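Peer 1: Work out the full structure: start from the sequences and follow the hints.
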Amino acid sequence: MKNLVILGAGTAGTMMANHLVKKLPRKEWKLTIVDQYKTHYYQPGFLFLPFDIYSTKQVKKNGKKFIPKGVDYIQKKIERIVPETNKVLLEQGDELAYDILIIATGTKIAPDEIEGMNGPMWYKNIFDFYTYEGAKALRDKLREWKGGKLVVHITEMPIKCPVAPLEFAFLADSYFKNKGMRDQVDITFVTPLGGAFTKPKATKALHYLLEEKGIKEVTDFNIERVDYENNKIIDYADTEVEYDLLVTVPTNMGDAVIERSGMGDDLNFVPTNKGSLQTTDYENIFAIGDATNLPASKAGSVAHFEAEILTDNILRYIQGQPLKEEFDGHANCFIETGNGKALLIDFNYTHEPVEGTFPFPGVGPLQLLKESRTNHMGKMAFRWVYWNLLIKGVHIPFVSATMNEKGKHFEEVTQ
Amino acid sequence: MRKLIAHTEVEVNEEGYLTDFSQWTKEVGECIADENGICLTDRHWEVIEYIHEKYSCEEPLSIRGIKKSGVIDIKEFYKLFPGGPLKKATMIAGIPKPKSCI
Ligand SMILES: Cc1cc2nc3c(=O)[nH]c(=O)nc-3n(C[C@H](O)[C@H](O)[C@H](O)COP(=O)(O)OP(=O)(O)OC[C@H]3O[C@@H](n4cnc5c(N)ncnc54)[C@H](O)[C@@H]3O)c2cc1C
Numbered sequence: 001m002k003n004l005v006i007l008g009a010g011t012a013g014t015m016m017a018n019h020l021v022k023k024l025p026r027k028e029w030k031l032t033i034v035d036q037y038k039t040h041y042y043q044p045g046f047l048f049l050p051f052d053i054y055s056t057k058q059v060k061k062n063g064k065k066f067i068p069k070g071v072d073y074i075q076k077k078i079e080r081i082v083p084e085t086n087k088v089l090l091e092q093g094d095e096l097a098y099d100i101l102i103i104a105t106g107t108k109i110a111p112d113e114i115e116g117m118n119g120p121m122w123y124k125n126i127f128d129f130y131t132y133e134g135a136k137a138l139r140d141k142l143r144e145w146k147g148g149k150l151v152v153h154i155t156e157m158p159i160k161c162p163v164a165p166l167e168f169a170f171l172a173d174s175y176f177k178n179k180g181m182r183d184q185v186d187i188t189f190v191t192p193l194g195g196a197f198t199k200p201k202a203t204k205a206l207h208y209l210l211e212e213k214g215i216k217e218v219t220d221f222n223i224e225r226v227d228y229e230n231n232k233i234i235d236y237a238d239t240e241v242e243y244d245l246l247v248t249v250p251t252n253m254g255d256a257v258i259e260r261s262g263m264g265d266d267l268n269f270v271p272t273n274k275g276s277l278q279t280t281d282y283e284n285i286f287a288i289g290d291a292t293n294l295p296a297s298k299a300g301s302v303a304h305f306e307a308e309i310l311t312d313n314i315l316r317y318i319q320g321q322p323l324k325e326e327f328d329g330h331a332n333c334f335i336e337t338g339n340g341k342a343l344l345i346d347f348n349y350t351h352e353p354v355e356g357t358f359p360f361p362g363v364g365p366l367q368l369l370k371e372s373r374t375n376h377m378g379k380m381a382f383r384w385v386y387w388n389l390l391i392k393g394v395h396i397p398f399v400s401a402t403m404n405e406k407g408k409h410f411e412e413v414t415q
Numbered sequence: 001m002r003k004l005i006a007h008t009e010v011e012v013n014e015e016g017y018l019t020d021f022s023q024w025t026k027e028v029g030e031c032i033a034d035e036n037g038i039c040l041t042d043r044h045w046e047v048i049e050y051i052h053e054k055y056s057c058e059e060p061l062s063i064r065g066i067k068k069s070g071v072i073d074i075k076e077f078y079k080l081f082p083g084g085p086l087k088k089a090t091m092i093a094g095i096p097k098p099k100s101c102i
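As you go down the protein sequences, you meet chains W and U in turn.
Oh and the first sequence: position 415 is 415 in this note's numbering, straight run, nothing missing.
Oh and the second sequence: position 34 is 34 in this note's numbering, straight run, nothing missing.
Treat the hints as calculated values from the structure; they're not laboratory data.
All of these numbers come straight from a predicted model, not from anything done at the bench.
Virtual Cβ for every residue (Gly too), placed ideally from N, Cα, C.
Worth double-checking, as some hints may not be accurate.
[Stated by the list, open to error] Which residues of chain W face chain U? A partial, calculated answer using Cβ under 8 Å: (1) D220; (2) N222; (3) A237; (4) E240; (5) D266; (6) Y282.
[Unchecked claim] Simulated restraints on C-beta separations: (7) F21/U x E84/W: 33 to 43 Å; (8) D34/U x W384/W: 57 to 67 Å; (9) N13/U x G340/W: 36 to 46 Å; (10) K3/U x G180/W: 47 to 57 Å; (11) P295/W x E14/U: 47 to 57 Å.
Peer 2: The structure is reproduced here in structure tokens:
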């Protein structure tokens with residue numbers, strides 16, 4: 001009997017368990033998945049929780065429910081991976097041997113990376129919304145906040161779901177309008193990048209949204225510290241931005257288990273072949289989702305595309321065939337723009353998001369890079385798709401793992 | 001686009017970054033620095049050397065990487081290349097503007 005072990009039962013790990021249980025002969029392969037928590041969170045919902053659009057119940061479920069029969073589920077913290085002996089050490093001294101290992105431990109926020117961020121004002125007037133706890137604390141704060149300077153801030157790239165902070169700013173605009181207090185709130189978006197959107201083409205096409213919503217923008221801001229006593233963030237060029245309420249996306253890092261195992265880069269992301277998803281250092285270890293160092297978006301949709309390719313490659317690896325280097329960085333994501341509208345973008349390693357239709361060339365119904373109500377419905381439907389199709393590894397109809405170039409108006413990314 | 005820098009014709013993109021690193025010379029670097037109002041000192045060259053090293057191993061550049069480089073701290077990096085230090089330093093070093101991974 002051989003062992004395939006999946007580390008992390010989040011979006012990517014759960015999908016892999018569901019894919020592989022159907023593909024690997026049960027007599028030969030034992031499948032095990034490990035996660036420290038009982039709860040599986042719907043992280044895209046953390047964007048809506050602060051604005052009371054989703055309830056806490058809508059963003060969490062018992063994780064075990066999504067692990068298929070035939071897969072062993074172990075709820076324990078992973079202490080260390082020992083690639084030299086093909087073992088994983090769990091808390092309380094348990095050990096798991098593997099023939100093939102899949103790392104899907106994701107990324108999480110590291111507010112300690114910036115001086116003054118995770119200090120006495122954390123969850124008082126400095127919040128994140130990338131965790132369940134943060135999003136919920138922020139919801140409670142927003143319910144009673146009387147207005148002032150709201151600063152929405154990105155600490156450093158890469159972060160998961162890179163458009164989420166901007167969506168947060170758009171939704172905040174709607175939220176305060178609906179509460180009849182928009183005139184008492186000043187919204188500023190602060191980013192280390194040269195523009196509000198992470199891709200230059202999108203920045204050009206979508207800048208009007210910021211103007212339309214009266215959101216100020218501070219770009220090229222590399223934060224050095226939070227001066228929580230005087231409510232200011234300060235960057236290395238000594239630029240200061242004042243806030244009454246700071247909503248920040250702290251540095252995103254891979255889990256500490258990657259560092260403990262000596263397998264990560266500066267940010268604890270696992271060096272991974274960007275086409276095949278095999279780790280660069282160990283041929284029987286693969287990585288998927290937010291845990292990798294791929295220059296692709298860290299998003300559930302990306303993990304979904306990766307999962308189809310990784311499943312193929314695991315089978316090829318077992319049969320001793322060469323791996324396919326097929327993953328092209330395909331990502332698509334809805335961008336909530338407030339007032340019941342959303343945009344959709346679709347791109348990969350080499351193509352920037354542009355206009356067109358999705359998923360059917362020339363037909364849609366979803367419009368790329370244009371605000372519409374249908375797109376908003378798409379974003380809302382994504383929660384259903386997530387719980388019912390995505391993490392169960394069901395192929396989403398008409399959407400392929402690599403990007404379809406028909407019906408889209410492309411320009412290659414230039415260096 | 002072609003551009004005459006330091007008496008040599010080089011290929012640059014619309015933002016002024018060299019598109020072919022093999023066309024870079026120290027003189028080209030000095031001229032680009034000059035256009036950006038920067039006069040290159042030994043310290044600058046140490047940083048440019050570090051950037052070239054990273055570029056040749058295809059390691060992406062980032063502010064965090066600079067912090068850990070052991071060559072320079074970020075405060076000084078900002079002083080040497082005022083404005084956007086990574087953007088300016090890479091332009092002078094003749095390599096593409098760092099892409100922020102999305
Ligand atoms: C606010 C927000 C909005 C988002 N919006 C979207 C969106 O609209 N569309 C989209 O596609 N994506 C979105 N995402 C991103 C998406 O949620 C993630 O990219 C996706 O969940 C990544 O899956 P993953 O399996 O790689 O990591 P995760 O789902 O984070 O799973 C990692 C798992 O590993 C476990 N783990 C880690 N370390 C250990 C350890 N040492 N021991 C035991 N267990 C461990 C964790 O407990 C966790 O369950 C959003 C994310 C956020 C935060």
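Peer 1: Now tell me if each hint is right for this structure.
Peer 2: Results for each hint:
Evaluation of the D220/W hint against chain U yields a held restraint, the C-beta minimum of about 5 Å falling below 8 Å. A distance limit of 8 Å between C-beta atoms decides the matter here; for N222/W the minimum to chain U is near 5 Å, and the interface restraint holds. Because the beta carbon of A237/W sits about 5 Å from the nearest beta carbon in chain U, less than 8 Å, this interface hint is met. With a least beta-carbon distance of about 14 Å to chain U, the hint placing E240/W at the interface is violated under the 8 Å criterion.
For D266/W, the shortest C-beta to C-beta distance to chain U is roughly 6 Å, which falls under 8 Å, so the interface hint holds. At its closest, the beta carbon of Y282/W sits 20 Å from a beta carbon of chain U; the interface hint therefore is violated under the 8 Å criterion. Separated by about 38 Å at the C-beta atoms, F21/U and E84/W satisfy the suggested range of 33 to 43 Å. Here the CB-CB span from D34/U to W384/W is close to 59 Å, well matched to the stated 57 to 67 Å.
In this structure, N13/U and G340/W meet the distance hint of 36 to 46 Å, their C-beta atoms being roughly 40 Å apart. Checked against the given bound of 47 to 57 Å, the beta carbons of K3/U and G180/W, roughly 55 Å apart, stay inside it. For the pair P295/W and E14/U, the beta carbons lie near 22 Å from each other, so the given range of 47 to 57 Å is not met.
Hint violations for this structure: numbers 4, 6, 11, all remaining hints satisfied.
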